Amino acid sequence: QKEVEQNSGPLSVPEGAIASLNCTYSDRGSQSFFWYRQYSGKSPELIMFIYSNGDKEDGRFTAQLNKASQYVSLLIRDSQPSDSATYLCAVRRDNDMRFGAGTRLTVKP
Amino acid sequence: SAVISQKPSRDICQRGTSLTIQCQVDSQVTMMFWYRQQPGQSLTLIATANQGSEATYESGFVIDKFPISRPNLTFSTLTVSNMSPEDSSIYLCSVESWNYGYTFGSGTRLTVV
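Here the protein sequences line up with chains A and B, keeping their order.
Position 2, counted from 1, in the first sequence is what this note's numbering calls 1; the numbers after and before it change by one each time, with no gaps.
Position 70, counted from 1, in the second sequence is what this note's numbering calls 240; the numbers after and before it change by one each time, with no gaps.
Derived by calculation from the structure, the hints in this document are not laboratory data.
Among the clues, some could well be false.
[Unchecked claim] Pairs of lysine-lysine, BS3-like flavour, derived with a Cα cap of 30 angstroms:
hint: 1; chain 1: B; residue 1: Lys177; chain 2: A; residue 2: Lys41
hint: 2; chain 1: B; residue 1: Lys235; chain 2: A; residue 2: Lys41
hint: 3; chain 1: A; residue 1: Lys41; chain 2: A; residue 2: Lys1
[Claimed, not checked] Label-pair restraints from in silico Cβ distances:
hint: 4; chain 1: B; residue 1: Gly230; chain 2: A; residue 2: Tyr38; range: 24 to 34 angstroms
hint: 5; chain 1: A; residue 1: Gly53; chain 2: B; residue 2: Cys183; range: 47 to 57 angstroms
hint: 6; chain 1: A; residue 1: Gly28; chain 2: B; residue 2: Asn269; range: 15 to 25 angstroms
hint: 7; chain 1: B; residue 1: Ser239; chain 2: A; residue 2: Thr105; range: 36 to 46 angstroms
hint: 8; chain 1: B; residue 1: Asn252; chain 2: A; residue 2: Ala67; range: 41 to 51 angstroms
hint: 9; chain 1: B; residue 1: Thr218; chain 2: A; residue 2: Lys1; range: 14 to 24 angstroms
Since the structure is predicted, the reported quantities are computational estimates derived from the model, not experimental observations.
Even glycine gets a Cβ: it sits at the ideal position worked out from N, Cα and C.
Starting from the given sequences, assemble the full structure and let the hints guide the process.
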């Protein structure tokens, strides 16, 4: 079982729709959770972080965490073609950070 | 968050040679991390570099192949030694951010021919 699992996609949504990206993790002791966006040929860029159960909103992005279900998600509202990228989920416990393989999102105009 | 300058941004190297990748951070940081990202795959941690001590390598990575230097709190190098085509990858350095996430350098795209 992978430590951090994501659907590889590609996930395709029309412009203006909500994109929903999901991630599950195996370590119940995980403490902090991150979403990175990686454009093709570029390095990952941190877009959201969440530590507590529930929702956290930042502009068009909402991160959702459910520790009981070991599940974290990222919602992108009003998706734009510029949101087309690979989204990496990362989970941290102490000094150990684990990355998922990423979900490729395509937003079609 | 810290700003990281990584170079070279890309290189094409002959097999059997070595390449040294440099990362310069604009602030002092305790730990720097070196990652590899192979095409279509996620990030794999190679090693953690602490200033003043030997780097800590992850399973599958050894110091002879990936020697690391960390001479001060703002700089680190990773050398990919005796390269083979299997070493073709993107190499990334990173540091911890205030929010416990990581900030990444711009990456080095290495092609071994």
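Results of checking the hints against the structure:
1. Lys177/B <-> Lys41/A: Holds, because 14 angstroms separates the two Cα atoms, which is no more than 30 angstroms.
2. Lys235/B <-> Lys41/A: With Cα atoms ~25 angstroms apart, lysine 235/B and lysine 41/A stay inside 30 angstroms; holds.
3. Lys41/A <-> Lys1/A: holds (25 angstroms)
4. Gly230/B <-> Tyr38/A: 24 to 34 angstroms: This hint holds: roughly 28 angstroms between Cβ atoms.
5. Gly53/A <-> Cys183/B: 47 to 57 angstroms: 48 angstroms Cβ-Cβ, so the 47 to 57 angstroms window holds.
6. Gly28/A <-> Asn269/B: 15 to 25 angstroms: Since glycine 28/A and asparagine 269/B have Cβ atoms about 19 angstroms apart, the given range 15 to 25 angstroms holds.
7. Ser239/B <-> Thr105/A: 36 to 46 angstroms: holds (41 angstroms)
8. Asn252/B <-> Ala67/A: 41 to 51 angstroms: holds (48 angstroms)
9. Thr218/B <-> Lys1/A: 14 to 24 angstroms: holds (21 angstroms)
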